[in-house]
Amino acid sequence: MTVPKATSSLLRVEDRRLVTGRGRFVDDVHLDRMVNAVFVRSPHAHAEIVSIDARRAKDAGALAVLTAADLPFAGESLFIPRWHPSVRKVLPKFLATERVRHVGEPIAMVLAADRYAAEDCAALVDVEYRPLDTISTCTAALAHDAPQLHGAWPGNVAASFTHSVGDADAAMAAAPRWLVRDFRYGRQTGLPLETRGCVADHDSGRNALTLWTSTQVHYAVRQNLAMLLGIPEYDVRVVAGDVGGGFGSKSRPYLEEIVVAHASRLLRRPVKWIEDRLENLQATTHSRAFNTTLELGYDADGRFLALKGRIVADVGAYVFTSGIVTAEVASSHAAGPYKIPNLSVEVVCVGTNKTPLATYRGSGQPEAAFPLECLIDLAARALGLSAAEIRARNLIAPADLPYGVQSSYAGKCSIESGDFPAMLRRAVVGSLYREDVETDAAGRRVAWGLAVGLESTGFLNYESARVQIDARGNVLVFSGLTSHGQGHATTLARVCAKALGVDEERVTLRLGDTQLLPFGRGTFASRGTVVGANAVHGAATRLRERALVYAGHLLQSDPATLTIAGGRILRATGEATTLGLGDIARAVQPYGQLHEGALALEETFIFDTRNLLTFALSVHVAKVALELRTGEYQVVDYFVVHDTGVMLDQKIVEGQIIGAVVDGIGGAMLSEILYDGEAQLLTGGMADYLVATAAEAPRVRLEHVTTIPTTNPLGVRGVGEGGIIPVAPAIINALSRAIAPTGAVQEQGLFRLPLTPEAVLAVIDAASSQRRT
Amino acid sequence: MKPAAFEFHRPRDVDEALALLVRHGEAARLIAGGQSLVPMMNFRLATPNILIDLNGIDGLAFIRRDGDLVRIGAATRQQDVLESALVRTHAPLVAASIRHVGHYVTRCRGTIGGSLANADPASELVLAAITLGASLTLRGAAGTRSVAAQDFFLDTMTTALAPTEIVTDVAFPAAPEGTRVAFREHVRRHGDFAIASAAVQISPGDGRLRAGLGAVTPVPVACRRIEDAFDGDGLRADLDALVAAEIAAVEILADIRAGAGHRRRLAAVCLADCIGELLA
Numbered sequence: 001m002t003v004p005k006a007t008s009s010l011l012r013v014e015d016r017r018l019v020t021g022r023g024r025f026v027d028d029v030h031l032d033r034m035v036n037a038v039f040v041r042s043p044h045a046h047a048e049i050v051s052i053d054a055r056r057a058k059d060a061g062a063l064a065v066l067t068a069a070d071l072p073f074a075g076e077s078l079f080i081p082r083w084h085p086s087v088r089k090v091l092p093k094f095l096a097t098e099r100v101r102h103v104g105e106p107i108a109m110v111l112a113a114d115r116y117a118a119e120d121c122a123a124l125v126d127v128e129y130r131p132l133d134t135i136s137t138c139t140a141a142l143a144h145d146a147p148q149l150h151g152a153w154p155g156n157v158a159a160s161f162t163h164s165v166g167d168a169d170a171a172m173a174a175a176p177r178w179l180v181r182d183f184r185y186g187r188q189t190g191l192p193l194e195t196r197g198c199v200a201d202h203d204s205g206r207n208a209l210t211l212w213t214s215t216q217v218h219y220a221v222r223q224n225l226a227m228l229l230g231i232p233e234y235d236v237r238v239v240a241g242d243v244g245g246g247f248g249s250k251s252r253p254y255l256e257e258i259v260v261a262h263a264s265r266l267l268r269r270p271v272k273w274i275e276d277r278l279e280n281l282q283a284t285t286h287s288r289a290f291n292t293t294l295e296l297g298y299d300a301d302g303r304f305l306a307l308k309g310r311i312v313a314d315v316g317a318y319v320f321t322s323g324i325v326t327a328e329v330a331s332s333h334a335a336g337p338y339k340i341p342n343l344s345v346e347v348v349c350v351g352t353n354k355t356p357l358a359t360y361r362g363s364g365q366p367e368a369a370f371p372l373e374c375l376i377d378l379a380a381r382a383l384g385l386s387a388a389e390i391r392a393r394n395l396i397a398p399a400d401l402p403y404g405v406q407s408s409y410a411g412k413c414s415i416e417s418g419d420f421p422a423m424l425r426r427a428v429v430g431s432l433y434r435e436d437v438e439t440d441a442a443g444r445r446v447a448w449g450l451a452v453g454l455e456s457t458g459f460l461n462y463e464s465a466r467v468q469i470d471a472r473g474n475v476l477v478f479s480g481l482t483s484h485g486q487g488h489a490t491t492l493a494r495v496c497a498k499a500l501g502v503d504e505e506r507v508t509l510r511l512g513d514t515q516l517l518p519f520g521r522g523t524f525a526s527r528g529t530v531v532g533a534n535a536v537h538g539a540a541t542r543l544r545e546r547a548l549v550y551a552g553h554l555l556q557s558d559p560a561t562l563t564i565a566g567g568r569i570l571r572a573t574g575e576a577t578t579l580g581l582g583d584i585a586r587a588v589q590p591y592g593q594l595h596e597g598a599l600a601l602e603e604t605f606i607f608d609t610r611n612l613l614t615f616a617l618s619v620h621v622a623k624v625a626l627e628l629r630t631g632e633y634q635v636v637d638y639f640v641v642h643d644t645g646v647m648l649d650q651k652i653v654e655g656q657i658i659g660a661v662v663d664g665i666g667g668a669m670l671s672e673i674l675y676d677g678e679a680q681l682l683t684g685g686m687a688d689y690l691v692a693t694a695a696e697a698p699r700v701r702l703e704h705v706t707t708i709p710t711t712n713p714l715g716v717r718g719v720g721e722g723g724i725i726p727v728a729p730a731i732i733n734a735l736s737r738a739i740a741p742t743g744a745v746q747e748q749g750l751f752r753l754p755l756t757p758e759a760v761l762a763v764i765d766a767a768s769s770q771r772r773t
Numbered sequence: 001m002k003p004a005a006f007e008f009h010r011p012r013d014v015d016e017a018l019a020l021l022v023r024h025g026e027a028a029r030l031i032a033g034g035q036s037l038v039p040m041m042n043f044r045l046a047t048p049n050i051l052i053d054l055n056g057i058d059g060l061a062f063i064r065r066d067g068d069l070v071r072i073g074a075a076t077r078q079q080d081v082l083e084s085a086l087v088r089t090h091a092p093l094v095a096a097s098i099r100h101v102g103h104y105v106t107r108c109r110g111t112i113g114g115s116l117a118n119a120d121p122a123s124e125l126v127l128a129a130i131t132l133g134a135s136l137t138l139r140g141a142a143g144t145r146s147v148a149a150q151d152f153f154l155d156t157m158t159t160a161l162a163p164t165e166i167v168t169d170v171a172f173p174a175a176p177e178g179t180r181v182a183f184r185e186h187v188r189r190h191g192d193f194a195i196a197s198a199a200v201q202i203s204p205g206d207g208r209l210r211a212g213l214g215a216v217t218p219v220p221v222a223c224r225r226i227e228d229a230f231d232g233d234g235l236r237a238d239l240d241a242l243v244a245a246e247i248a249a250v251e252i253l254a255d256i257r258a259g260a261g262h263r264r265r266l267a268a269v270c271l272a273d274c275i276g277e278l279l280a
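Those protein sequence lines, which keep their order, are chains R and Y.
Per the working numbering, the first sequence runs over residues 1 to 773.
Per the working numbering, the second sequence runs over residues 1 to 280.
Think of the hints as simulated: they come from the structure by calculation, not from any bench.
It cannot be assumed that every hint is accurate.
To be verified - DMTMM-like mimics (lysine to aspartate or glutamate), calculated; alpha carbons at most 25 Å apart, straight line: (1) R:K651 to R:D419; (2) Y:K2 to R:E119; (3) R:K498 to R:D676; (4) Y:K2 to R:D28; (5) Y:K2 to R:D419.
Working from the sequences, and respecting the hints, build out all of it.
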């Protein structure tokens, strides 16, 4: 396959609507007789619920106050699609009874005429608690006298397993050199601009439900609503209209959606619930929160022989529906893009009195890249090799392909294409990466850092699409995806237009509504292009073939001598015909001359990938300036070499990468969900939970390398997460060099994310006192 | 995150506002820019029954030269102060400090009087007021009084303003010809609350150096040792030793943004940098 020239849209189709305030988000849904819901949430990290008394709230005008006793499905749980077998199943209840185990756990729901009144009434629900001892850290959870969170979690261990390839113990013992360090990845969250929220409208006459919700996975929400509320799936419609970001935090059904839907059924009125930012930080799943010990064995030439790791994940108070997927991904991909024949990673998932853990952009891959890429730089220094050279000696090379990757979550996959060493070389050349340290005009030390990240994209096999042509030749594309910033309306329309032979302007995309297609999945795990766009491509390709067959009938010609361009049927010679796609659509429809029973000229296609993962490499180079007196540092330049396969739209690809880099800079420098010693949340607003903004964003230079994956007909690789994976280690590797340009540095203090100036300064102090002695 | 119900009043003049304050006492809160109060109300950390909106009062938003003072009306928007040529020329330290207050959007709503009355330890404007020896005009039912900044700010978010008084303006001593200023602060991100800040002004006209430290103590402090060591030309003692003495003399705050030790280091750096910048 030759590499098609990338197209770049000047403007994304969806943006005019979105940036002029004409998007339709959940909170824009206003229905007649609609009421508002507010959840009463636990202010305690760990407590027994002695009693719940809603009398004062009802006296103050609450339309209803629901507790677990009001939920007929209280004894059931959300559907678990797939969990690691080692998980000891303890799901949160829809509304807590007996005990609460983290701040923000929902206990009751208050319904009132508007949000103001609902909050007034929520404050009047009297919950009597008996506080229990809290667990605020993994260390405390694993102590022999620790309080027990759940009977099913002896020792507060929610899950544990070991992922291994080869014989890591023996190989490590035999390795001539080894390094081991501890790495701490703080607790973070996806923080979408639009918080969660939903509007439920239950039609009591028909026992049918419509739920508008801000989600990445509308079909999974439908499945749970149908199952728990006892409504046939075809009578549950879930609409994810415009969704203001997800970043993995909306890629699972949530308890609130079910309770809100039930409330609508109970009250026979539409119910709206919009999560506020405090709730978003308390009750939407968190992520990262890994303490990793990683040991690398290598030889005198810098060849990696063995990798041993231990991940202690702070999974919070329950294992939520996504299970322990970030720990599975981190252990499965612990070796990243390197040939490490012997690998063993032990994972221990520990329960604490915190919000449950789930996915956030990168989903375990940033957690894996951070320790590995920092350790590799240490090994390079120990051997006197450059950061690029040691990586070049170990990267999976084209001659090694296909290279098998064993994962617990996606089975046996393979890296089947790519040229990783070439990308590394281009990163070094293109970025002007160097290993000496300069001083800038402001007296800051300036150094470069390099790190590599391998992104596994396209997870979860199926996606669906339907393409339909109307009698005027307009093309409608239906997709099972959701859109929350990816630009699908632009990209998928282009995929369809190219495959079908029509102008992009004639193509309109509809998605995010379970009524459009009977089955789909949604947008997460960098699967939009790999799975979703290929479904559209498949449907459009089939439709083109069918249209040409009909055209052959109408023109009395061999379809093989016909083609489609600009929505018109042409002869292979380029000669125009009288037929357009609209004419064919009219002929196929009822009363048309070719009508054979079809309602429209359309095709449906389900794309099913056999290779469950499509891998995408990126090499990152960060230039960092460090103020030695304060530990403050700034990313002043950033360079990314990325292989996205075929780029469906260059500008959208670049937007994904740059956005992810900035997200990663925030994660490396700023963002942490903090709890105090009593497991009280300290970061309940955006003055305290810090993320990178435009002011923190450096120039990000990109270079695209294109190799074509064989996993899908379009030849695309996912692009949503690669940009975040190696950001933190690239920055830390630069800082490590800046602090000690020549010698070794007591770098242990740098291996914590987010890396605050305060922590950096402690390392600088240690380095300078070391130099003095 | 919706505020509790409140009664809203929009008086036409200060007397009417004062009458409302007298009538409702502690149940009432004044609102001007709302950049601190509204989030507090949304979190229900503040639940005033009565809200008295000062935005309908003429004559509270002004910037003018008043003898050897620069007088700024309490309801003047921070962004208007920042953009004022008069402030830049005659109160350059105020202009330098206000650049670091929040963001353009918040400065377009937030007022100088609101920021001072809120008395956040990290407030750049409080630091400027203390460093320059500003005075605040407070009007109450009983009359008008002028209070020096060092007497106005009592503790974290606590001032000498009586529940029935309104800050109407703040007066900064006009900077003599040739005045040079430096303002520096350390933040995690631009526009965030400062972790440490310093303000320094040197005026050849009166031969004085004024210096202050912000964000590290409950109330920003004037650095008298450094001010006294200035001989009109340079410092009579070692700068680092003077800075160390200033910082050793105060109890340093700690919170989730930074521990006390780190704050102390940052305070020393930004204070020394400000002085170094002006004496270089």
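So, going through the hints one by one against the coordinates:
no.: 1; hint: R:K651 to R:D419; verdict: holds (23 Å)
no.: 2; hint: Y:K2 to R:E119; verdict: holds (7 Å)
no.: 3; hint: R:K498 to R:D676; verdict: violated (55 Å)
no.: 4; hint: Y:K2 to R:D28; verdict: holds (17 Å)
no.: 5; hint: Y:K2 to R:D419; verdict: violated (54 Å)
Checked against the numbered hints above, the structure violates hints 3, 5; every other hint is satisfied.
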